[in-house]
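Enquirer: What follows is the residue order along each chain.
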Amino acid sequence: MATTYIAGKQVDPSLEAPDHHVAPMSLYWKVFGGLLFLTALTVGVSYADLGSASLFVAMVVAIVKSTLVVMFFMHLKGDDRTFTFIFLSTLIFVGIFFGLTFADLGTRGAVNPDWGYHTWAEQNGKVIERTPNAHGLHAPEAGTEAGTAPGAEPAAAPGHEAPAAH
Amino acid sequence: MSTTTAHGGDESAHGHDHDHPSFLAHHFDTPAQQESSAKLGMWVFLSTEILMFSGLFLAYGVARWAYPEMVLEAHHHLSIPMGGLNTLVLITSSFTIAVGVRAAQIDNQKLLQQMLLATIFLAGCFMVVKYFEYSSKFEHGLLPGRFYTADYLASAISVPSPLGGPHTFFGIYFLMTGLHGVHVLLGMGVMFWMYLRARKGEFGPRFYTPVENVGLYWHLVDLVWIFLFPLLYLVK
Chain A
1 MATTYIAGKQ
11 VDPSLEAPDH
21 HVAPMSLYWK
31 VFGGLLFLTA
41 LTVGVSYADL
51 GSASLFVAMV
61 VAIVKSTLVV
71 MFFMHLKGDD
81 RTFTFIFLST
91 LIFVGIFFGL
101 TFADLGTRGA
111 VNPDWGYHTW
121 AEQNGKVIER
131 TPNAHGLHAP
141 EAGTEAGTAP
151 GAEPAAAPGH
161 EAPAAH
Chain B
167 MSTTTAHGGD
177 ESAHGHDHDH
187 PSFLAHHFDT
197 PAQQESSAKL
207 GMWVFLSTEI
217 LMFSGLFLAY
227 GVARWAYPEM
237 VLEAHHHLSI
247 PMGGLNTLVL
257 ITSSFTIAVG
267 VRAAQIDNQK
277 LLQQMLLATI
287 FLAGCFMVVK
297 YFEYSSKFEH
307 GLLPGRFYTA
317 DYLASAISVP
327 SPLGGPHTFF
337 GIYFLMTGLH
347 GVHVLLGMGV
357 MFWMYLRARK
367 GEFGPRFYTP
377 VENVGLYWHL
387 VDLVWIFLFP
397 LLYLVK
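Residue numbers (our numbering), protein chains in the order written: chain A, 1 to 166; chain B, 167 to 402.
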C-alpha cells in the first residue's frame with residue numbers, strides 16, 4: 001500500500017471524497033448582509049468630514065469586509081490551514097513592500113536635504129514647464145520655452161520642501 | 167500511476183479502474199489529495215495576483231503621499247453613485263458565486279447553473295457601469311499622462327510639477343480599474359466555461375474543485391474592488 005498524506009496527516013487511500021463541511025445558507029445571507037451594511041457605512045462615512053481619520057476609517061471597514069469574504073465566501077475558516085498560511089504570508093510580503101518603500105521615501109530628506117525632483121531636474125539641465133495650463137508633459141523639448149530657464153525658482157510640489165534655488 | 171503502486175502487482179490489470187473515479191487524474195491517489203493540490207495551486211496564484219495589485223496600490227499610496235492636494239482634488243471627478251453601484255453589484259456577484267459553490271456541494275444542479283449565470287450577468291452589469299464611467303472620463307479629457315486634456319482642476323495646484331498633476335491620478339485610476347476590469351472579463355469567461363461543464367453534470371458533491379477555484383478567483387476580484395472603491399472614490 002502506498003502511504004498517502006493529506007495536509008500532513010496520513011489518510012486511507014481508499015478515501016472516496018474529501019470531507020466537506022457545507023455551511024448553512026443562513027451564514028451566506030448574514031455575510032452578504034454584513035457586506036452590504038459595511039458598504040453603506042463606508043459611503044456614508046465618506047460624506048462626513050473626518051479629515052485625516054477618513055483614510056483610517058475607510059481602511060478598517062475595507063479590512064473587515066475582506067475578512068468576511070475571505071473567511072466565509074472563500075472558506076478559509078474551516079478549510080485546510082495551509083491556505084490561510086499562504087494568504088497571510090502574502091500579506092506579510094505586501095507589508096514589507098509598503099513598509100520599505102515608505103521608510104525610504106519618508107527618510108530620504110533626512111540624509112539628503114537636496115533630495116527632490118527639482119534638484120535632480122536642475123542638475124541634469126531639464127526644464128520644468130510652468131505655463132499655467134501645462135502639466136509638464138506637453139512641453140515639446142526641454143529648453144524651447146522662453147522664461148523657463150533652469151535657474152528659475154523651482155515649483156513647490158505639495159508635500160515636498162522646495163529645494164533652495166541658489 | 168500511484169494507484170497501480172497502491173494496489174501492488176497482485177492486482178489484475180483492470181483492478182485499479184473501478185475505484186478510480188473519472189474526475190480523478192491518474193497521478194493522484196485520492197480525490198481529497200487532488201482537491202487539496204488544486205486549491206494549493208489556486209491560492210498560490212491568488213498570492214501572485216495580490217502581489218501584482220499591491221504594486222498599483224503602492225503607486226497610489228506614493229502619489230497620495232507626494233501630492234495629497236492633487237489626489238484630493240482629482241478624486242472629486244469620480245462618481246460615487248456609479249462606484250457605489252458597482253460595489254453593490256460585485257458584492258452581490260460574490261454572494262451568488264458562493265451560493266453556486268454551495269449548490270454544487272449539495273448537488274443542486276439547477277441552482278449551480280442559475281448562480282453561474284447570475285454571476286456572469288452581474289459581472290456584465292459591472293462592465294456596463296464601467297463603460298459609462300470611462301466614457302465620461304474620455305469625454306472630459308480626464309486621461310492618463312500626455313492624453314490628459316482637461317483644464318487644470320480648480321485647486322491649490324497653481325504651479326504643478328511635471329508629475330504632480332491630475333494626469334498622474336488618472337494614470338493610476340485607469341491602470342488600477344483597467345487591470346481590475348480585465349480580471350472581471352476573464353472571470354466572465356471562466357464562469358461561462360464552468361456553466362458549460364455544469365450543464366453536462368460534471369460537478370457534484372464528490373467533485374466541484376473547478377467551480378470552487380473559479381469562485382476563489384472571483385472573490386479575489388471582489389476583494390481588490392473592496393479596497394479600490396474607498397481609496398479611489400471615497401477617501402478624502
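Some hints could be false.
Far from chain B, some chain A residues (derived; all Cβ distances over 10 Å) [what the hints assert, rightly or not]:
| no. | residue |
| --- | --- |
| 1 | A23 |
| 2 | K65 |
| 3 | G78 |
| 4 | T107 |
Distance windows between CB atoms, simulated [claimed, not checked]:
| no. | chain 1 | residue 1 | chain 2 | residue 2 | range |
| --- | --- | --- | --- | --- | --- |
| 5 | B | R312 | A | L88 | 15 to 25 Å |
| 6 | B | F358 | A | V22 | 22 to 32 Å |
| 7 | A | F56 | B | S188 | 25 to 35 Å |
| 8 | B | T315 | A | G34 | 15 to 25 Å |
Hints listed in this document are in silico derivations from the structure and should not be mistaken for laboratory results.
We put the CB at the ideal spot given by N, CA and C, even for glycine.
Enquirer: Each hint should be assessed against the structure and marked as holding or not.
Expert: Hint by hint, here is what the structure shows:
no.: 1; hint: A23; verdict: violated, 7 Å
no.: 2; hint: K65; verdict: violated, 5 Å
no.: 3; hint: G78; verdict: holds, 13 Å
no.: 4; hint: T107; verdict: holds, 13 Å
no.: 5; hint: B/R312 / A/L88: 15 to 25 Å; verdict: violated, 41 Å
no.: 6; hint: B/F358 / A/V22: 22 to 32 Å; verdict: holds, 25 Å
no.: 7; hint: A/F56 / B/S188: 25 to 35 Å; verdict: violated, 53 Å
no.: 8; hint: B/T315 / A/G34: 15 to 25 Å; verdict: violated, 43 Å
In summary, the structure is inconsistent with hints 1, 2, 5, 7, 8 from the numbered list given earlier, while agreeing with the others.
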